[in-house]
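K.L.:
As a plain string of letters, each chain reads:
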Amino acid sequence: MSDTKPQKHLPLEALHEDAGARFGAFAGWRMPLTYPAGVMKEHLHTRESAGLFDISHMQLFDVEGTGAADFLSRACPLDAAALREGQSKYTVLLNENAGIIDDLIVTRLGENRFMVVANAGNADRDEAHFRAIAGDFDVSFTRLERVLLALQGPHAEAVMIAAGLDLSDLTFMTGMEPREGWFAARSGYTGEDGFEIAMPLDEAERFARTLLDDERVQWVGLAARDSLRLEAGLCLHGQDLDENTDPASAAILWAVPKALREEGKFVGAQALQKIIADGAKEKRVGLKPEGRQPVRAGAPLINEAGEKIGRVTSGGFGPSAGHPVAMGYVTKTLSEPGTRLFTEVRGNRIALDVHSLPFTPQRYKKG
Amino acid sequence: MSQTYFTEDHEWIKVENGVATVGITDYAQEQLGDLVFVELPEAGATLSKGDTAVVVESVKAASDVYAPADGEVAEVNDALTSEPALINSAPTGDGWLWKMKLADESQLEGLMDEAAYKASIA
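From first to last, the protein sequence lines are chains A and B.
Counting along the first sequence from 1, when you hit position 24 you're at 24 in our numbering, and nothing is skipped either side.
Each number in our numbering comes from the position in the second sequence (counting from 1) with 367 added on.
Since the hints were derived computationally from the structure, they do not count as laboratory data.
Where is the CB? At the ideal position from N, CA and C, for every residue including glycine.
Treat the hints with care, as some may be off.
As the list claims (entries may be wrong) - Quick look at which bits of chain B chain A covers, simulated, 3 or more residues with Cβ under 8 Å:
| # | stretch |
| --- | --- |
| 1 | 401–414 |
| 2 | 421–428 |
Unchecked claim - Label pairs and their in silico Cβ distance ranges:
| # | chain 1 | residue 1 | chain 2 | residue 2 | range |
| --- | --- | --- | --- | --- | --- |
| 3 | B | 472 | A | 349 | 22 to 30 Å |
| 4 | B | 439 | A | 298 | 28 to 36 Å |
| 5 | A | 131 | B | 412 | 46 to 54 Å |
| 6 | B | 473 | A | 323 | 42 to 50 Å |
| 7 | B | 446 | A | 279 | 46 to 54 Å |
| 8 | B | 446 | A | 323 | 15 to 23 Å |
| 9 | B | 409 | A | 17 | 58 to 66 Å |
| 10 | B | 461 | A | 162 | 38 to 46 Å |
When you get a sec, could you build the whole thing from the sequences and use the hints?
P.N.:
Below, the structure written as structure tokens:
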């Protein structure tokens with residue numbers, strides 16, 4: 001089935017064209033998938049130096065008002081009032097059944113101001129959901145037009161300083177506004193240290209060019225972004241998380257503090273309490289296929305007897321790991337690392353072991 | 368004397384004395400990106416025109432390579448098992464996929480020659 005909706009174009013598309021990008025459709029956007037270096041080199045360059053990603057398809061929302069913290073604590077399982085200024089938190093939007101509408105990062109920027117970063121494919125759904133809740137609070141909820149770049153890798157901090165943006169005071173999962181209309185956070189989707197920086201459209205090309213002039217920096221496309229995040233054990237909403245999965249099964253309960261679960265103020269809290277009390281039936285785990293053959297999303301997981309016991313939700317080859325990597329959902333009793341499972345690819349049975357996540361060590365700059 | 372044919376699926380077929388060597392074109396390897404796994408047929412296997420003979424997997428996706436004609440697999444390129452990237456670095460050389468004894472060479476008539484193929488991807 002082809003996507004008939006008109007594609008959205010990145011503000012910096014011409015820059016990607018000049019760099020020789022190959023484009024593909026993702027979440028309604030025309031996105032750079034790879035550059036001439038290729039996915040393998042782009043992936044490894046990010047781990048060794050600094051990879052530059054254009055992630056302007058992601059949506060920023062500005063949340064402002066005396067009711068902002070209460071609003072966010074109703075919409076998300078988040079104690080927004082307890083966030084320090086500059087502190088970021090990974091959270092989710094849940095429906096009444098505790099199904100995951102989206103995963104988000106919320107950063108407190110002031111007494112009554114927060115920044116929300118949402119996934120491209122869910123932005124409209126998120127906005128409608130947020131707005132339906134916002135009516136009960138004294139809050140304004142604004143969709144921002146920004147270019148969002150991510151610079152990821154061990155040289156990210158030094159490159160930023162050389163580009164005139166010293167963000168060395170930020171630690172992992174903190175953010176600030178370095179310039180009027182800008183937003184910078186020490187976060188990412190690769191497992192590496194790095195930054196995500198939003199800026200006004202008319203200042204973006206110049207800043208991107210400054211970064212690219214640094215020999216430590218290379219463009220990295222969506223293909224390597226996916227292999228990097230998979231090695232880092234990070235979820236992709238729409239594959240590893242969706243409205244049919246809940247935070248307990250998805251193994252992201254660490255993002256939903258126990259006190260908030262018990263207090264039960266957020267949308268989906270009652271359903272989540274029940275899921276936890278009854279015990280989640282399945283669990284998201286890492287999977288390491290034996291041998292060299294990648295196992296892809298959608299492959300069934302079976303036990304020795306051939307009975308279906310789960311499914312692969314993300315899978316591919318891990319260039320840094322040097323072997324295929326995958327994640328998926330399995331029956332809770334089979335979720336211990338080392339458990340031997342199987343799948344079938346084109347009629348061949350392939351063994352996989354449940355593997356702890358991440359596959360490659362995370363190298364965040366913690367405070 | 369050898370003759371080389373090209374398919375719309377971006378395969379090349381070099382025929383010598385009734386034996387065809389098959390691979391994918393430089394254009395195809397570029398489109399697929401870095402290859403990480405190749406599933407090869409067994410020597411002796413019988414293929415019919417249009418069968419999936421080989422599956423090449425990139426970091427992101429799996430793609431089929433089809434048998435261009437009927438025949439029997441004479442030899443496969445075992446070097447690809449440990450080094451799939453040969454297809455990227457030398458698609459028309461060391462990155463060949465398999466050789467097959469053709470049952471009916473005339474099945475290849477009508478495929479493109481190199482000039483026509485190059486025009487088709489230009």
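K.L.:
Name the hints, by number, that the structure is in violation of.
P.N.:
Numbers 3, 5, 9, in rising order.
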